[in-house]
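There are 2 protein chains.
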Amino acid sequence: MAAGTGTAGLHTIRENNLRAVLRTVRALSPCSRAAVATATGLNKTTVSSLVSDLMERGLVRETGQTPQRRVGRPGVLLDLDDRSVAAVGVEVNVDYLSVVAVDLAHRDLVVRHVPLDARSVGAVACAARIATVLREVTGEPVLEGRAVVGVSVAVPGLIDSPTGTVTRAPNLDWRDVPLRDLLRSELAGSALAGATVLVDNDANLGAMAEYRFGSLAGLTDLVYVTGEVGIGAGVLTGGELLRGAAGSAGEIGHLELAADGPECSCGRRGCLEALAGIGAILRAALPDRVADRPLESRDVAALVDLVVERASAGDGPAVAALERAGTWLGRGVATLVNVVNPGAVVVGGYFVPLAPWLLPSCRAAAGAHSFAPEAGGCRVEPSALGMSAASRGGAAVMIHGLDSGALPLP
Amino acid sequence: MAAGTGTAGLHTIRENNLRAVLRTVRALSPCSRAAVATATGLNKTTVSSLVSDLMERGLVRETGQTPQRRVGRPGVLLDLDDRSVAAVGVEVNVDYLSVVAVDLAHRDLVVRHVPLDARSVGAVACAARIATVLREVTGEPVLEGRAVVGVSVAVPGLIDSPTGTVTRAPNLDWRDVPLRDLLRSELAGSALAGATVLVDNDANLGAMAEYRFGSLAGLTDLVYVTGEVGIGAGVLTGGELLRGAAGSAGEIGHLELAADGPECSCGRRGCLEALAGIGAILRAALPDRVADRPLESRDVAALVDLVVERASAGDGPAVAALERAGTWLGRGVATLVNVVNPGAVVVGGYFVPLAPWLLPSCRAAAGAHSFAPEAGGCRVEPSALGMSAASRGGAAVMIHGLDSGALPLP
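Chains A and B supply the protein sequences, listed in that same order. Residue numbering for the first sequence follows full-length UniProt numbering, beginning at 1 and increasing consecutively. Residue numbering for the second sequence follows full-length UniProt numbering, beginning at 1 and increasing consecutively.
No lab work stands behind these hints: they were computed from the structure. Mixed in with the good hints, there may be bad ones.
Said to hold, decoys possible - Covered by chain A, according to a simulated footprint, are these stretches of chain B (three or more residues, beta-carbon under 8 Å):
1. 173–179
2. 243–252
3. 274–285
4. 373–384
As the list claims (entries may be wrong) - Restraint-style ranges between C-beta atoms, simulated for each label pair:
5. Glu374/A / Gly194/B: 51 to 57 Å
6. Gly239/A / Thr163/B: 32 to 38 Å
7. Pro356/A / Gly194/B: 54 to 60 Å
8. Ala217/B / Glu309/A: 45 to 51 Å
9. Ala217/A / Glu15/B: 43 to 49 Å
For glycine and all other residues, C-beta sits at the position ideal for the given N, C-alpha and C.
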């Protein structure tokens, strides 16, 4: 027993050191083995052994300015090996699938946006559709020969992370959907059969993407707000995701802001997303085109384009609807300011093309309804990551897992 | 320059080691030097030197089961020295001062509760009153010969921590009050002239007290809600205070819950504290005793007692007022659940004696208005720390500073 523990301990130390070397190469590349030794505090022999291991695993390669020198001699530079592995992020939302595959350096390999009426097809067919798109994506020539280290799936709802179950996603009409298990059986026999599958909340993964790649990257107290049919928030405090005791933090779409407001998908009235979600905006902005009933999911993107067109032309109902939705959104931002005081709120999804008409009233309301002067310094900005923030964030989490969690076997 | 940096580095290492030894003695006491060496990974000679230093500073002493042995020989046990230092926590609120002095083991030395109409006397006179009470407390025989390592002051408002300035405390009618500087000049020439003075938000310090000493101590995702004339929240996530980008997180008293609600001290309408703060409760529960105007601060405690008396006797207006306030409080809890998803909300201050009538409707509303089923697992419980949660939390932060921050000089 004691011997077993000891062996596990040694194994863990080597794994930790491998990850430390990988992180260091990522931070310093191109860099020499000597530079890695200095940065990590490990001795040169150990670093050489660890680098060889990482090269076998396809994570690090030799490169650099002195190709004529013999391999392994001082002067040879190391870089991330961007040819061997890939990570995939998927977002399933009410009206689309977004899929992004990235390499070890977080560079895009494939980006797909697939319209899908997820609510109508149901959870099982949706998992099958995701699997089909994943097979297509992993069949792309650019992914040939790469090991896919994992697939992360972003869903607008409450997730039980350990089991990958979507416990509640009212806009998809899903309840207790074992998405990870469904996907795993759909992927059986494919190139992805053995890949890690993670399921997480779309706003949480969007926040990770903003923190790593967004226009305010590096801001440690940041909230990402999804602008879809539903509205959710991913809350970063001190650079860490605030998940809460049961993993359900950030459900700002269901803050009840108007006692007699419109009915919400959650069964209550006057929730933020019933007042300022894309469905509410389209109904108010396009009274001639969208009836007062559940939206046909497949039309959302085209209708948002039409709102942009009309608002650009100064159309009264469109501009007024966006201003009103922006005001409610600002009330939601004020709640975030009063409770968590973020340095910035980044709005994503369909809110991005609507931002020019949505954000002025949003910022004004956020200021007016926050207790701290000037909304506690909180900026409200549109995302620069478009519709792929959550899928990109999911892929990034998978790559980050290599630096800090499980490494693929050689 | 390089030599200076090197010296500073060595100094820091020794300070870090001193703190590590102090933390270890706190965790293991009574314990031998050998046990400290094992737990810290430091060698025995180093531990002996560090222990001598801590003994000179009055933080550690020898004790234990073998008093006949010669000092310093193996077998002598170490304990925290609870005779040498003290830390003081003060809370200033609308209608009282609370002062707690504790020893190194967090044991109470002095506990004081002083009625004070802080709003009427103004900030300068209030600082003078705090200084007077502090001189009285530090003059108590039990504090004789002790070094007071610091004074922490809890205030219901927004604090600029680096300068100790209260930027905004509407219930005290304070704005940009340099409380730390005021206190320092009031304390000049006293035994506290050199003591560290920190100013922090009352709810934040209450949350620290709950985390360390409360009935749910150790729960890492916990919110403490102050139940005074104002309502504030101290939010702990993962055992850390969520302060936000500008230090103004947790201002739940100014969540606007009712568009046409009563006027709030902040100038808005329908804020949580205007609906469920003690002033609102007293006005509704005691219509014959409290006129519809600003409350006389000095009467609050007695009036709360009267509400308890009447509610116990089944008095209609009192019971209805508490049930209604509880429902609004539950709406505030639901907002916390939707945004940060705490494992528990602990309500303090005057909410504690009122809890039997306040909390049933509060829990029901929290469940009804949360998106996650069963309020995301969030319990709502009364504090066991009474009116001294914030002052006790402040004293604890000072003692914790010895384990993790500045140590007093020998």
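Hint check:
no.: 1; hint: 173–179; result: violated (count 0)
no.: 2; hint: 243–252; result: holds (count 10)
no.: 3; hint: 274–285; result: violated (count 0)
no.: 4; hint: 373–384; result: holds (count 4)
no.: 5; hint: Glu374/A / Gly194/B: 51 to 57 Å; result: violated, 37 Å
no.: 6; hint: Gly239/A / Thr163/B: 32 to 38 Å; result: violated, 26 Å
no.: 7; hint: Pro356/A / Gly194/B: 54 to 60 Å; result: holds, 57 Å
no.: 8; hint: Ala217/B / Glu309/A: 45 to 51 Å; result: violated, 58 Å
no.: 9; hint: Ala217/A / Glu15/B: 43 to 49 Å; result: violated, 35 Å
Checked against the numbered hints above, the structure breaks hints 1, 3, 5, 6, 8 and 9 and satisfies the rest.
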